[in-house]
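J.: Each chain is listed here by its residues.
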Amino acid sequence: MQSDFNPDNLDRFFKKQLSETERNDIEKMMAQDPLLKSEIHFQQEVVEAICQHRKWELKNRLNALAPESSPLFTIPRVAFGSTLTLAGLLTATLFWFDSKKSTQTPQTKAQPIVQYIKQKPAQAPNLTQTATKPIQIEITPTKAQPISIVRTAYVAMHETAAAPITEQPCLPARMEAFIEDTELALQEATIKMYDENLLFEISNTDTDNGAFDRHSEDEHNLERMATSQLLRYQYYNEHLSLYNNASAGKQIHAIVQGELRHFLYYDNVYYEFFDEQVTEIIMQPVRDKNAITLIKEILIQMESLK
Amino acid sequence: MRDSQLIEKIKLGDESALDYLYRKNYKMMTRLVLNNNGTEDEAKDIFQEAVIIFWQKIRSETFILTSKISTFLYSVCQNLWRKELERKSKYSREFADTKEYSDFDKEEREKIVHDCINELGETCKKVLLYYYFDNFSMQEIADKLGFSNADTAKTKKYKCKKELDELIKSKYKATDFLD
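Residue numbers (our numbering), protein chains in the order written: chain E, 1 to 306; chain U, 1001 to 1179.
Everything labelled a hint here was simulated from the structure, so no lab data went into it. Please note that a few of the clues may not be correct.
[As the list claims (entries may be wrong)] Among the chain U residues that face chain E by a calculated CB cut under 10 Å, a handful are:
1. Leu1006
2. Asn1118
3. Tyr1131
4. Tyr1132
Quick reminder that beta carbons are idealized off the backbone N, C-alpha and C, glycines included.
In isolation and in its complexed conformation, chain U is listed as follows:
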C-alpha cells in the first residue's frame, strides 16, 4: 500500500491501516530502541506511541506530512526514546519514589474515569473517543456511527458526556479532582 493510500485510510478512521503501518515498520523502528540500550518491551512501547501519535497527527487539519511515513515514524521514535532515556537518567531513586506517590492519586482518578467510560454504552463510548481523541468532526462521527446528521451526533455527544460526568461524580465528589 502506498503512503498516500495509507494516509487516506487513516483520515477515514480505518484502523486496519494502523495495523498495516505497525506490522510493516515494526522491525525497523524497534531496532532503533534495541540498539540504544532498550529492551524489546520498551521498543514495542515506543513504537506503539509513535504510531498512535501519527494516527492523531494525520487527522489534524494543521499537520502536513513532508516526508515518507516511515521517516516520520522513525524521527518520532527517536524523540520519544531520547526523552525516555533522559527521564530515566534524571530521577534518582528517592525522587522517583516521591513522583510515584504524587502520581498515585491521579492514576486512581484516571482509573475511576476509565471504569466509568467502560460503563457507557458502546455508541456513547465511541462518540466520545472519536470526538476527543481521534478529532473526528460531527459529520464524520454521524457517518461512521449511522446518525442521521451532524446535529444528531452533537446532541448525542453532549448527552454521552453528561452521562459520563454524572457517573464519575456519583463515584467521587468533584472536589476530589482538584489538585
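Chain E with its partners taken away, still in its complex shape:
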C-alpha cells in the first residue's frame, strides 16, 4: 500500500465527502496499487455491511411494533377514549394511595457503601482475637507471581489454624469456588495495553460467575475512568483491572470475625470495597486503623510464603 495514502480519507471517500480532485487522486492510486485497491474494496464492503447491520437493527425494532396490537390501530376511537379515561382515573387513584404511604428516601447507588463504611468501624477487628484465628487469604497475583500462590496461601493459612474460624456455613465453599474461579481466570488472563492506561486486566470466560466481561458496557467505563483519571482501577465482580500501575495492587479478602471483608492495597493506600457487583467506581479509603494493621499483617505473612 502506498505510504502517502491517508487512511482518514477513506471514511470520507465512502461517505462521498471528498472533492472531485481528492476522489480522482484516490482512484488513481488504486489503479496503480493493486494492494491498495483490494484493501479499499474490503473496507467498502465492511462499511456497507455495517450500514446494513444497522438497517436490520432498526427494521427489527420496527417489526416488533406490531401495529395491529396498537390501540391506535385496532380499538374504535370511542372505546379507546373511554379506556384511556378509565386508565387515567385508575392511575390517579393508585398514585393517591401510594402517596399516603410513608416515604423513604430512596437509596442511591452510593448510599449502601457509605452505610457500610459507617457501620463497620463499630465492628472493627480485634487484633488479639484474629491473631489466634486462621485468616483465609486471597491474593490476586501480579504478573510476576505464580498462580498457585492463591491456593497455596489459602491451604497454608487454613491448615495452620489454631482454632476453627467462626464463619457462616456457606463461606468455605464460596471461598473455594472463588479461588477456583480466580485461578481459572488468571490462567486465561489476557493482558493488553489499552489507551496506555490499562496495564493488567483479568478476563474470565465463565460469565456465570459474573466475571469481568471485556465486551460488556464496563469497557467504556474503564475508558472513561482512564481518561478522566478519577481512579486507577476498577473492581468488578471480583476481578480487577489496573491502570498505569507500576506496582500492582493486591486484593485481600479476609474473614474478620466471621465476616468476609474485601480490601485492596494499592499505591500505598488501603481501600475497602464490597463483595458484590460494583457498577460504579466507588471505593473508599480504609480509615479503620485496626483494619489497616490487619492488612499489613496479612501482606507480611503472604510475603513470607513466597
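Given the coordinates of chain E, work out where chain U should sit on it, guided by the hints.
T.: Same frame as chain E, now just chain U:
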C-alpha cells in the same frame, strides 16, 4: 407530537421517535402498497425502508425537509414501491436465477461481517453503527456513549474498526472480498 418535535428527537438519535413515526403512519403508508398489487409483508417492508431512509436523511446536514413528514414518507414509499414493481417485472425467471447466484457470494460475505459485528463489544458496535450509518459526529457519539470528549470517541472508533477488520480477516483472506 408535532413534526418539528419529532425531527428534533430524531436528530438527537432518539429511537422512540422512530417508533412513534412508524405507528402513526403505518396504516396510511401500507395502504399505498396494498392498493397497488402488494401484500401486507411487502407493504410493511417498504414502509420500514422509508422510515429508515427518513431517519438517515434527517441527520444529513444537506437535507432540508420542505413538506410534512407524512408527505415525505408517502413519496418515498411511492418511489420504493415503483422500483420494486419494476424490478419484479424486469427479471425473467432465468435471469433471476443468475442474479441470485452472483448475489450469493456477496450475501455470504455480508453474513461473515455481520457475525463479526455481533462479536464486538456492545460499545464498539454502537460506535461503528452510529458513525457509519446514523452519521453521528464524534462529539455526538461521545455524548451518547459517555466518552469524555470527541477525541476519545475517535480513538475508540479507530480501534473498534481495526478490531472488526482483524476479526473479518481472520475468518477470510482479504482477497476473498475482491470481485
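J.: All hints, please: hold or fail.
T.: Structure-based check of each hint:
A cut of 10 Å between beta carbons decides the hint on Leu1006 (chain U): the least distance to chain E is about 15 Å, and the hint is violated. Proximity of Asn1118 (chain U) to chain E holds as hinted, the smallest CB-CB distance being about 8 Å (cut-off 10 Å). The interface hint given for Tyr1131 (chain U) is met, as the beta carbon of that residue sits about 8 Å from the closest beta carbon of chain E, less than 10 Å. At a threshold of 10 Å, the smallest CB-CB gap from Tyr1132 (chain U) to chain E is about 5 Å, leaving the interface hint in force.
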